[in-house]
Amino acid sequence: MMKELLMGNEAIACGLIEAGCQVATAYPGTPSTEILQAVIDRRDTAIEPLYSEWSVNEKVAFEVALAASYTGKRCAVVMKQVGLNVAADPFMRTAYIGVKGGMVTIVADDPGPHSSQNEQDTRLFCLQARVPVLDPVSPAEAKAMVSTAFELSEKYELNVVLRPTTRICHSRQNITPTSPLKLARVADFQRDPTRWAATPAFLPQLHRKLNASLEQIAVEPALQPRLIEGDGSCARTALVASGIAYSNLVDLIDDLGLSSKIDLYQVLMPYPLSPTFVRSLHENYDRVLILEETYPVIELQLAHAGAVGKQSGAVPREGELTPDIMHQVVAGFLGLPAPEEAPGERRGQRPSLCPGCPHRAAFYSIKQCFPKGIFPSDIGCYTLGMNLGAVNTVHCMGACISQGAGFYHAYQQDGDVPTIVVTIGDSTFFHAGIPALINAVIQQARIIVVILDNATTAMTGGQPVPHMGVAAGGQPTKAVAIEPLVRASGVEFLEVCDPYDKHAFEALLLQADAYIRSPEGGVAVLISRHGCVMDRKVLKSQESFLVTINDKCIGCRKCVDAFECPALLMDSDGNMALVNQDRCIGCGICLPVCPVDAIIKEKKS
Amino acid sequence: MKQQIIVSGIGGQGVLFLTRVIAQVAVNRGMPVLTAETHGMAQRGGTVLSTVKVGDFASPLIRSGQADVGLLLWEANLQVHASLLKNSGVLLINSDTAEKGERIDASAIARDLGNAVLSNLVLLGLAVRRQALFCSAEECQAAIRQLAPAKFVEQNLAAFHKGLGSGDADSLTDR
Chain D
324 MMKELLMGNE AIACGLIEAG CQVATAYPGT PSTEILQAVI DRRDTAIEPL YSEWSVNEKV
384 AFEVALAASY TGKRCAVVMK QVGLNVAADP FMRTAYIGVK GGMVTIVADD PGPHSSQNEQ
444 DTRLFCLQAR VPVLDPVSPA EAKAMVSTAF ELSEKYELNV VLRPTTRICH SRQNITPTSP
504 LKLARVADFQ RDPTRWAATP AFLPQLHRKL NASLEQIAVE PALQPRLIEG DGSCARTALV
564 ASGIAYSNLV DLIDDLGLSS KIDLYQVLMP YPLSPTFVRS LHENYDRVLI LEETYPVIEL
624 QLAHAGAVGK QSGAVPREGE LTPDIMHQVV AGFLGLPAPE EAPGERRGQR PSLCPGCPHR
684 AAFYSIKQCF PKGIFPSDIG CYTLGMNLGA VNTVHCMGAC ISQGAGFYHA YQQDGDVPTI
744 VVTIGDSTFF HAGIPALINA VIQQARIIVV ILDNATTAMT GGQPVPHMGV AAGGQPTKAV
804 AIEPLVRASG VEFLEVCDPY DKHAFEALLL QADAYIRSPE GGVAVLISRH GCVMDRKVLK
864 SQESFLVTIN DKCIGCRKCV DAFECPALLM DSDGNMALVN QDRCIGCGIC LPVCPVDAII
924 KEKKS
Chain H
10 MKQQIIVSGI GGQGVLFLTR VIAQVAVNRG MPVLTAETHG MAQRGGTVLS TVKVGDFASP
70 LIRSGQADVG LLLWEANLQV HASLLKNSGV LLINSDTAEK GERIDASAIA RDLGNAVLSN
130 LVLLGLAVRR QALFCSAEEC QAAIRQLAPA KFVEQNLAAF HKGLGSGDAD SLTDR
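Those protein sequences? They're chains D and H, same order as listed. Number 928 marks the last residue of the first sequence (our numbering); no jumps. Number 184 marks the last residue of the second sequence (our numbering); no jumps.
So that you can see chain H by itself, here it is in the shape it has in the complex (with noise of 0.2 Å):
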């Protein structure tokens, strides 16, 4: 199994956090992972892009063309990185307007649990609903709970479900 996944927002979004429980999750998984993320000036809210490559790789980085999971926090990006997608590459955007792609207005959901940053996950589990990431919802809970602070866990885990469950917060155990 090969996967290159491309994670997209601008400093401040937790561009870092989600890029983070995707790689865990191959790391428990006992699967090859490299990642490639972006540091300094840049964090400082302007344009941030993570990769992930899971399996086989040498390089973290993703030529254009070459991803096969999109996931966009920051939908002014598009322009900037949807060229990085393969033709059936599955683009997943966190946007209050519905125009192409796959979206979902994570912030606002993510604003009702109590803060915009979690919008990060809320997106994480529409991925795994479509079945767009290499790995289960059973396996991403796993990987936040071992990264999120613990005081944070419950509400992180919350805002994944948010985004598996279409806003049903009930609906893991009915997968």
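Only chain D is shown next, with the shape it has when bound in the complex (with noise of 0.2 Å):
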């Protein structure tokens, strides 16, 4: 077959269909979104029945594909690092119950972070959940170590976990599609319920085999660490790395003119570490520089006494191993001239919520409402409410309901409570925000929560949202609306508005704070509700006008920092604002921002 350019998710997604998984499940979530799309949109590609479903949250689409694998298929589940927080109750059970068809949670890790709330190593967490986990160096190993990964996930029948970073999920690499294999599978759950309902009475067994196939797991031949031999002259020091700061130390050690002078391991599986592979490091070197994201989990494990690495302090502890970083390391561990001082971590520009982002007016009126409110926020495209002070918290996925109710007991106590107002996004309601809200209403918070309904998971690049009634690929299946469960949740004060409706947003608002503050009010939910603009189908359905800005303008500049669309900016002098016509969508929701009228709209000729 033809050589293809294919992202590392990409590359992810033809290797779970080339082995012959057929039930994927994920939840989107950067840097691993990419990859339950493609297999959504190459099934074709398949041939056998495959099935795939944007879960709600990553408990839930752990679950899914568990019990698939119980009937003897190959299945996959798809997260971010973060997700696999959520999905830790399963994953941990996983480990000792073990599963039939080969599974594989395929778990993207950020280190940097580049879009991600901490930069936590899943093969750290493999190792407290005593799961083997694989480090890929490039696209091509990822898509390589899927059959690998269901061919061990099997031979041991237990989980195995695929650990790509943010530089392997969203790099490009020419890479060789092969044929899907045909397994001919057909669904058989074998009932055993010492295996899959066991009660405590058959774990310590359960656990001991598990114990025993790690020990066998760590010595597989095909996942030894690989050695590139040095020519002798660095003798008794060896270079170790895994994933991608592996790829970054072989271009490192060519441009050093080192290639072939020092012996360079490549470490697959970080866990469990082969104890062959300690051994000879422990008898044959007395140096060793250790290079891996984010942890130390291999040196940990090396616990050897020349070790340089992240616990000697030699390697920086946080963030990527950047190229001049390892330079700067691999210079110090072999005696070379220090690089020059790369220049320090420039961030450049900050991101923005999109010009016209519906999440844009209802923060500017919330801000506006409840100038001395406290804000607490959630995860996705509305943490840049921050830019417009309308943010104070971001945690994790649904943290904002229950930490609005956190702020809500603590202040109530002291007598004063200022307004909190709570801003969750659509899909993240849905992920973690119902039990939340379900809480604050029985502990009777007195709290306003804004969902912030954009009809997509905007963030992540539009996945569907239970509410719309569509399914991973587009097919129809049932809805199930926010109104409902809001209500079901025993809310009490429910109201639905387009936040570009200025007036009639900030008069709910005040209604709502009202409420919340009667003798018989607890938690009013206000619904924002306008379709996200990055849909060509919402921006079409909605009228564009020109807008610009005359010369009333005092240059007060409350369009550009408080309101902060991107496609309003000040001139060159400072003198007057002025409006980026590449970047504005024609909204018009800006006008009555400014003070002066001076910003106009008029119909498109």
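Just so you know, the hints here were simulated from the structure itself, not pulled from any lab data. Model, not experiment: these values are computed from the prediction. Built from N, CA and C at the ideal position, the CB exists for glycine as well. Each hint should be verified, as a subset may be incorrect.
Unchecked claim - Part of the chain H face toward chain D, derived, beta carbon under 7 Å:
| # | residue |
| --- | --- |
| 1 | 32 |
| 2 | 36 |
| 3 | 37 |
| 4 | 38 |
| 5 | 42 |
| 6 | 43 |
| 7 | 44 |
| 8 | 45 |
| 9 | 48 |
| 10 | 50 |
| 11 | 51 |
| 12 | 66 |
| 13 | 69 |
| 14 | 70 |
| 15 | 72 |
| 16 | 89 |
Two independent chains are provided; combine them into the complex using the hints.
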């Protein structure tokens, strides 16, 4: 077959289809999202039935795939690193109970982090969960490791983790697709309560079996660290790396003219680490440099007296191991001239909500109505509401509603409670917001919950949400609406409004505030409903005006700073605001922001 | 042949598409290629950087002072990304001001064609005209035809030709 330019995530998707995966589930999250998307886009290349779903959250996704594996079919679940925290409960038990058909859990880590709330290392999670984990160095290897993982999973009847990082997921490489395997499996669940429903009585034995399997897996010949031998000029010295750090290292030592001068090991499976490898490093080397992202997982298991790495302090413990950082580390380790100090990291322009984003309108109104409010928010595009001063906390999926309640109970003890306005996206609400909402209601918190309903999972590129009635792949399914869920959670103040209608939206916010402060008050929910303007259908359905700024502008910067639309900027002298017509979508929601009515809109000719 | 290229801009400017076009040319030639891209939060108008490494490399990332070519769609990114370039590297900038480096007002040209996002291919055209890249105009056109949605192919090619021919869409045939 012809080579194709594939993103790492697409390569993994090809690997899943080629390995005969029949059930694939995921909750979107950067940098993992494109994996399931590519499975859906390429489902026609599968030769056997292939079911895929965007699940409501990672725990659900994991459990759906797990049961499918009990029937003997190959299955996969995909998530980002913090998604594994959500799926931790079934993930931990699965290590003991095992699987039947091959099960691969693909967890994409985000060293840096680039687009996450932390840079936790899934390999360390696997060490604590006792789950084998593979660490690919390139998109091509990530694809190849999918079938390795399935084979390992079926040989030992264990869940296996594939851990790509952002630089694997979002890299592209020319890769040759191959023909899918035809496994011809029929669902056949063999009942075995001592395993699938194992009570504590059966668990010590299952745990013992797991530990025995891990010992065998650690010495699997195909998964031993690979050595590129040096010529002996750096005696008793070795470089050990895994993941993208290994690839960076290969290019670096090539640049430095050190290729084939020093022993270089690639660790394919950081856990369980091969005991033969550990022994050989202890016996044959005095000094070992270990390069891995993000936590010292190999280094911990090596326990080598001559180890140089994150624990010894020679390798930075935080952030990505960029080629520049690796150059400094390797030069230090080998006594080479230190590279010129790389310029400190500069972030450049910060991201913003898009021009015309309905969230901006909602945040602006919230901040206007309650200048002294407390604003817990959540994970998604709308985190960027912090640019408008309308987001005070961001923690993890669904946390904002519980945090809002926590703020309420702490302030309430002292009497004077500021207005607490929580903002949560529609997808996040379904993911983890509902239990928090029920809890806030029954614990009698008095908070305003604004559900920012833009009818999509916008941050990750527009995956379907439960209230739209569209399944993965676009086919129709039952829609589960937000309003009845909110009412069934015991909420008695529920309103819906388009935040583009500033006047009506602010009136409802004030009504909600009066409600939560009234004797019978409780949780008030306001659904801020307007489609995401990244969706072309939304953009086409709303009127677009020619928005300009006339000479009444007094240069107060309110539209530029407080409203923060990327299509508004100051002229080169800083005297007047102007509209960048390349970026303006003509929504006109900035008009009421101007104190002197200098922003005007006209019908487009 | 080995070449290391950076493509720098802000989210929404078509950095990813430009990166893919360059990488696709390498694929079509049968050369190994690796790219690294920015996805996620930064795509909402923040600074984004793509790297392309053509030839025998293991990693898609580029060390400071190693890039052969820099394509900058957003001038303000100079201070963030210029240090990736070699001293002898070629820098091409989308800008309406005349300062250091090779500049072209790609956004204005693209706006004339109907969409400011097309500045990415205008800049690519200029890079090919300056023979900064490993590839030819014909190869880029083939890759654009492969990757652009059918109804935008002609518009994309027109933008590329504008950069290639300094505003003269017919100049390709004269080269």
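Do the hints match the structure? See the list:
no.: 1; hint: 32; verdict: holds, 5 Å
no.: 2; hint: 36; verdict: holds, 5 Å
no.: 3; hint: 37; verdict: violated, 9 Å
no.: 4; hint: 38; verdict: violated, 10 Å
no.: 5; hint: 42; verdict: holds, 6 Å
no.: 6; hint: 43; verdict: holds, 5 Å
no.: 7; hint: 44; verdict: holds, 4 Å
no.: 8; hint: 45; verdict: holds, 5 Å
no.: 9; hint: 48; verdict: holds, 5 Å
no.: 10; hint: 50; verdict: holds, 5 Å
no.: 11; hint: 51; verdict: holds, 5 Å
no.: 12; hint: 66; verdict: holds, 6 Å
no.: 13; hint: 69; verdict: holds, 4 Å
no.: 14; hint: 70; verdict: holds, 5 Å
no.: 15; hint: 72; verdict: holds, 4 Å
no.: 16; hint: 89; verdict: holds, 4 Å
Checked against the numbered hints above, the structure violates hints 3 and 4; every other hint is satisfied.
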